[in-house]
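J.: Could you put together the complete structure from these sequences and hints?
Residue numbers (our numbering), protein chains in the order written: chain A, 1 to 174; chain E, 1 to 539.
It is possible that some hints are incorrect.
Derived DSS-like pairs: lysine-lysine, alpha-carbon spacing no greater than 27 angstroms straight-line [unchecked claim]: (1) K161(A) - K62(A); (2) K522(E) - K497(E); (3) K139(A) - K82(A); (4) K279(E) - K343(E); (5) K192(E) - K14(A); (6) K101(A) - K62(A); (7) K343(E) - K425(E); (8) K192(E) - K8(A); (9) K522(E) - K8(A).
If the Cβ cut is set under 10 angstroms, some of the chain E residues that face chain A in the computed set are [stated by the list, open to error]: (10) F70; (11) A181; (12) L184; (13) P215; (14) G231; (15) A238; (16) D242; (17) P312; (18) V313; (19) I374.
Source of the hints: derived by calculation from the structure; they are not laboratory data.
Don't be surprised by glycine CBs; every beta carbon is placed ideally from N, CA and C.
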Amino acid sequence: MGVNREVKRSFWVKLVGAPIAMFLFAYALVPLYDVLCEITGFNGTTGKIDQESNFVVDENRKVNVNFFAATMPGFPVQFYPKDVSMDVVPGKFYSTSYIAKNNSGKEIIGQAVPSVAPTDAAANFRKLECFCFNKQVFKPGEEVEMPIRFVIEPGMDEHIKDVSLSYNFFKLES
Amino acid sequence: MATDTIAAHDDHHHGPEKGLLRWVKTTNHKDIGSLYLWFSFMMLLVGGAFAMVIRAELFMPGIQVVDPHFFNSMTTMHGLIMVFGAIMPAFVGLGNWLIPMMVGAPDMALPRMNNWSFWILPFAGAILLSTFFMEGGAPAFGWTFYAPLSTTFAPDSTDFFIFAVHLLGFSSIMGAINIIATVLNMRAPDMKLMDMPLFVWTWLITSFLLIGAMPVLAGAVTMMLTDRNFGTSFFDAAGGGDPVMFQHIFWFFGHPEVYIMILPAFGVISHIIPTFARKPLFGYSSMVYATAAIAFLSYIVWAHHMFLTGMPVAGQLYFMYATMLIAVPTGVKVFNWVATMWKGSMTFETPMLWALSFVFLFTIGGFSGLMLGIVPADIQYHDTYFVVAHFHYVLVTGALWSIIAAVFYWFPKWTGKMYNESLAKIHFWWSIISVNILFFPQHFLGLAGMPRRIPDYNLQFADFNMISSIGAFMFGASFILFTYIIIDGIRNGKPAKARPWESAKGLEWTLGSPAEYHSFDKAPSRKAIEQESQHTSVA
Numbered sequence: 001m002g003v004n005r006e007v008k009r010s011f012w013v014k015l016v017g018a019p020i021a022m023f024l025f026a027y028a029l030v031p032l033y034d035v036l037c038e039i040t041g042f043n044g045t046t047g048k049i050d051q052e053s054n055f056v057v058d059e060n061r062k063v064n065v066n067f068f069a070a071t072m073p074g075f076p077v078q079f080y081p082k083d084v085s086m087d088v089v090p091g092k093f094y095s096t097s098y099i100a101k102n103n104s105g106k107e108i109i110g111q112a113v114p115s116v117a118p119t120d121a122a123a124n125f126r127k128l129e130c131f132c133f134n135k136q137v138f139k140p141g142e143e144v145e146m147p148i149r150f151v152i153e154p155g156m157d158e159h160i161k162d163v164s165l166s167y168n169f170f171k172l173e174s
Numbered sequence: 001m002a003t004d005t006i007a008a009h010d011d012h013h014h015g016p017e018k019g020l021l022r023w024v025k026t027t028n029h030k031d032i033g034s035l036y037l038w039f040s041f042m043m044l045l046v047g048g049a050f051a052m053v054i055r056a057e058l059f060m061p062g063i064q065v066v067d068p069h070f071f072n073s074m075t076t077m078h079g080l081i082m083v084f085g086a087i088m089p090a091f092v093g094l095g096n097w098l099i100p101m102m103v104g105a106p107d108m109a110l111p112r113m114n115n116w117s118f119w120i121l122p123f124a125g126a127i128l129l130s131t132f133f134m135e136g137g138a139p140a141f142g143w144t145f146y147a148p149l150s151t152t153f154a155p156d157s158t159d160f161f162i163f164a165v166h167l168l169g170f171s172s173i174m175g176a177i178n179i180i181a182t183v184l185n186m187r188a189p190d191m192k193l194m195d196m197p198l199f200v201w202t203w204l205i206t207s208f209l210l211i212g213a214m215p216v217l218a219g220a221v222t223m224m225l226t227d228r229n230f231g232t233s234f235f236d237a238a239g240g241g242d243p244v245m246f247q248h249i250f251w252f253f254g255h256p257e258v259y260i261m262i263l264p265a266f267g268v269i270s271h272i273i274p275t276f277a278r279k280p281l282f283g284y285s286s287m288v289y290a291t292a293a294i295a296f297l298s299y300i301v302w303a304h305h306m307f308l309t310g311m312p313v314a315g316q317l318y319f320m321y322a323t324m325l326i327a328v329p330t331g332v333k334v335f336n337w338v339a340t341m342w343k344g345s346m347t348f349e350t351p352m353l354w355a356l357s358f359v360f361l362f363t364i365g366g367f368s369g370l371m372l373g374i375v376p377a378d379i380q381y382h383d384t385y386f387v388v389a390h391f392h393y394v395l396v397t398g399a400l401w402s403i404i405a406a407v408f409y410w411f412p413k414w415t416g417k418m419y420n421e422s423l424a425k426i427h428f429w430w431s432i433i434s435v436n437i438l439f440f441p442q443h444f445l446g447l448a449g450m451p452r453r454i455p456d457y458n459l460q461f462a463d464f465n466m467i468s469s470i471g472a473f474m475f476g477a478s479f480i481l482f483t484y485i486i487i488d489g490i491r492n493g494k495p496a497k498a499r500p501w502e503s504a505k506g507l508e509w510t511l512g513s514p515a516e517y518h519s520f521d522k523a524p525s526r527k528a529i530e531q532e533s534q535h536t537s538v539a
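T.: Structure below.
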């Protein structure tokens, strides 16, 4: 009595291994999620572009890009876009900048996190240069102009007429 | 480990130990089943008390009874206690009691681990409840504990909550491993997989959901723990993490979790309806396949909880259609139950009343779920009382209903006594009327736009909230009667026959009432298995 069937060792290995594997899978979801966001633009993740390539430009198509800025609570830096909006032609590179002024008496280190809406546009919104690629150091009382250079790839869905780019600044400890 | 199992059974000729230590040291599946059921019943009363506080506060507009932070703790702890403390352990308790008897096994495959997986629970529950007495109070970020509310902005007591969730997860995973091992290895040699009763089938599939989903929850809370205390930034955008990713990981666990709480219920109902309709279960194999299909689909629909997090249209469409697809196997089940009753010789003893109302009310919850799965509708319904009404129809009048039905159905087998049938009928009608007064108006509140988890509301919602609260107090009071019926049945009930329901089929009914402390020392024969099959019409 007791065990009625022959139980192989591999049965127990699988049975205990499966929960452990699923625990690790939860961690594997973290890089998987990043990759997925990069490919699909899920969650407004913007892409990078390494050099100014020559896209086929359709001069008749216009997209309105709006710029937004925000800071997390406890981040005493005044932060705003230089241009509120721009009309751009997909395939051409454009430059604009954001302005930041440290109003506190202390040095502040921050990291800007970008997001593009609508999410369908995010995968086609690519940046050559951005202050969000690195953390930024703001000296006390200093005002800086931080450039960005971006392109909207011509492959972007035809129905999209407006794109919003927003940055949110987070405080870093070091 | 296999040899341990045999060793643990060497003492099978003795009865239970005397005194309280019996319950601490027991490795007997019936004892552990009872422990689980009593524990979950106590947690049900605790979680129910929290619900009473919520409904008392929502009785009238304005803040009268508790302060808003405590209200948030109440909604959070009500959800956590009911999900992890009441419903899940109750099903594990039913599984412990019934699965070995239904498959003709002498006990669970890993009896000592079984003892351990139960005794973790009271400690986990105590740790979770102790947060009420800590600085910052109990968790107040909702049972879904979304980051960053639960990481950056939560009190220190959250670490205790994390540890409690770890323990609860350990307990469920061990319970699931035990059930898989029991069903696959300890089944009577002459019982093929497709001979197994549906409760065994649904629990086997649920176990696979548990070992697939609970570790992901453990992963999520571990990431929270390291984010909070060790400087990682899984969910912190400043460090390159993403709070939305928390929701993906949470719901990757969370959606299978809702089927963990309903698949065993489907099993219970599939036992009760054939008994009182006096017909074999209609469409047995389609029931098995439908259960497996639901389990599979439950892993690929999680983001329908997140339609408003900023998802591309293609993602919304995929998750919407995949969600709709679940209605197909679920519909198969509901039609099979109805077809089982078709031209049956039905009688309406208490377990049947609960089972019938399960079919009816669970289906209402299923339909409101379909409505929520439709993206454009969900944009309107998201985070309103419509969602609250939906998941209470599937969890209270679904999962809890089946547990109560199971308690009445197998009560004679467990205790050897009959409960008081007329009191039980009064209790049933009291419950079913009050539960609908409680939850049905919440649909209207949600459609009108009342948000969930908020202690105050606009005047326009006042009437339906008062009706709902009155229903809540009535439903809460019904558990006083329920407790009385159970205790009265155990102490003063008339002795029950071995087969108290005349058409009940299943190996458990071949045992005495109450079932002997050690049963199926000898595995049941092929003939017994065929005779006791609930789904073939062998006379």
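J.: Each hint should be assessed against the structure and marked as holding or not.
T.: Hint by hint, here is what the structure shows:
no. : hint              : result
1   : K161(A) - K62(A)  : holds, 7 angstroms
2   : K522(E) - K497(E) : holds, 22 angstroms
3   : K139(A) - K82(A)  : holds, 20 angstroms
4   : K279(E) - K343(E) : holds, 9 angstroms
5   : K192(E) - K14(A)  : holds, 22 angstroms
6   : K101(A) - K62(A)  : violated, 32 angstroms
7   : K343(E) - K425(E) : holds, 24 angstroms
8   : K192(E) - K8(A)   : holds, 19 angstroms
9   : K522(E) - K8(A)   : holds, 23 angstroms
10  : F70               : violated, 24 angstroms
11  : A181              : holds, 7 angstroms
12  : L184              : holds, 8 angstroms
13  : P215              : holds, 4 angstroms
14  : G231              : holds, 9 angstroms
15  : A238              : holds, 3 angstroms
16  : D242              : holds, 7 angstroms
17  : P312              : holds, 5 angstroms
18  : V313              : holds, 7 angstroms
19  : I374              : violated, 20 angstroms
In this structure, the hints that do not hold are numbers 6, 10, 19, in rising order.
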